[in-house]
Amino acid sequence: MTTTDRWLEEAVTAALDVSLTPGQQAVIGARVERALRAAPIRPQWRVTGRSLLLVAALFVVLPAILGVGAAILSTEDPFGLASGAGFEAELDAAIAITAIPAGATWPDYLVTDRSASYSRGGGRAWVEYVAMCMWEVEWLNARASGDAAREAAARATILDFPNWWSTDSVWFRPEGARREYLEPIVAGVRSGDAGPLTRDVELNCAGTEAFVRAP
Amino acid sequence: MSLRSVMQVIPLSVRGHPADVDRPLDEDDEAALAARERPMAFAPVYERHRDAVWRYLRARCRSEDDAVELTAVTFERALSAVHGYSPRGAGMRAWLVRIARNAAIDHDRRGRALAASAAVLDAQRDPHPTPDEALLASDERELLMARLRALPSAQRDAIALRFGAGMTAREIGAVLGKGEEATQKTISRGLARLREAYRDDH
Chain A
272 MTTTDRWLEE AVTAALDVSL TPGQQAVIGA RVERALRAAP IRPQWRVTGR
322 SLLLVAALFV VLPAILGVGA AILSTEDPFG LASGAGFEAE LDAAIAITAI
372 PAGATWPDYL VTDRSASYSR GGGRAWVEYV AMCMWEVEWL NARASGDAAR
422 EAAARATILD FPNWWSTDSV WFRPEGARRE YLEPIVAGVR SGDAGPLTRD
472 VELNCAGTEA FVRAP
Chain B
80 MSLRSVMQVI PLSVRGHPAD VDRPLDEDDE AALAARERPM AFAPVYERHR
130 DAVWRYLRAR CRSEDDAVEL TAVTFERALS AVHGYSPRGA GMRAWLVRIA
180 RNAAIDHDRR GRALAASAAV LDAQRDPHPT PDEALLASDE RELLMARLRA
230 LPSAQRDAIA LRFGAGMTAR EIGAVLGKGE EATQKTISRG LARLREAYRD
280 DH
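Quick mapping for you: the protein sequence lines, in order, are chains A and B.
For the first sequence, my numbering begins at 272 and goes up steadily by one.
For the second sequence, my numbering begins at 80 and goes up steadily by one.
Among the hints, erroneous ones may be present.
Stated by the list, open to error - Rough simulated footprint, nothing fancy, chain B against chain A, three-plus residues with beta-carbon under 8 Å:
| id | stretch |
| --- | --- |
| 1 | 275-283 |
| 2 | 286-295 |
| 3 | 363-370 |
It should be emphasised that the hints constitute simulated quantities derived from the structure, not laboratory data.
Backbone N, C-alpha and C fix where the C-beta goes; we use that ideal spot for every residue, glycine too.
Given these sequences and hints, build the entire structure.
Shown next as structure tokens:
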């Protein structure tokens, strides 16, 4: 039997052309309707402004507070420069292996300016940085709502932060500074003290809460 | 460290993908903007794109239950993130599918939606295929779906989005992070693999 391009395309289309059953439609529809009714009305803000807030928090506020030699994301390019498309591919690859809380969505400000050049290899550090913020916000939200299951999941993830790739990566300098910075946050979560984590969220995670499920 | 050097590392500008072009607002854009103030305005978007999202996810997931679950998750996530939707992007359908794809990746990672492995595929195969039967009989479609799910992820996604969700190469490129031409090549390579697999099956 021969398979022409047209035949194959028609066969694939037919195989994919399966409609939802009424029962499946009802299940999805009920979920979406519930979400529509529960959706909060959020203030509008400019995406660029939000990104700037994040970057300012990451590169200006945090180093200023921690002083010279504190953990900052390295801006050097030890592995050369990547194109915008290459950097975006790094982000996608990192996103594919980085966990975020259930119901959360990756922030749209991860998308790169493809006309710019980027330090090759920095994408994963950036993705993990944002993901950590999301888990921290998730932990706070879960505590606020009394959702023990969500809180436990977030707690377990935060306690694992020291084992994340970026904690000891070259993208945070000096060596070990990122680990040192995370220690009080992790210790606080372990003991139930929200103080250090709350401070980190306020300083470094502006805008993240919009992408994490509300309390 | 200068701010300029920082900007080389972290994307300050959100837009710039080849598929991101200025275009007139369409009804989805209007609905998304309205939903920031009035969430129910998003309901027509759900009605318009539910099937496209479902067909894409069905092609990714081994079980229809998983595809149903992820379809619901997609719209829940979309609603919670609608304030971040940009009318300058590749359009609502591409945006929704991108959310669906991320949800499916999360789901895969948790091991609840496994792509068909070669072993599973072999187990599903009829040891005595009969090529003269009606070409698109149910089992034939299932075999084709299994072969589709076994493709490399980019090829599988591109084909599912092209022939299941009816998306253009440009829209698909916005989802996969590829240019239009590269997306077309990905589709062609995927079809070539499917054709090869089909010949092996028969």
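Hint by hint, here is what the structure shows:
no.: 1; hint: 275-283; verdict: holds (count 6)
no.: 2; hint: 286-295; verdict: holds (count 7)
no.: 3; hint: 363-370; verdict: holds (count 5)
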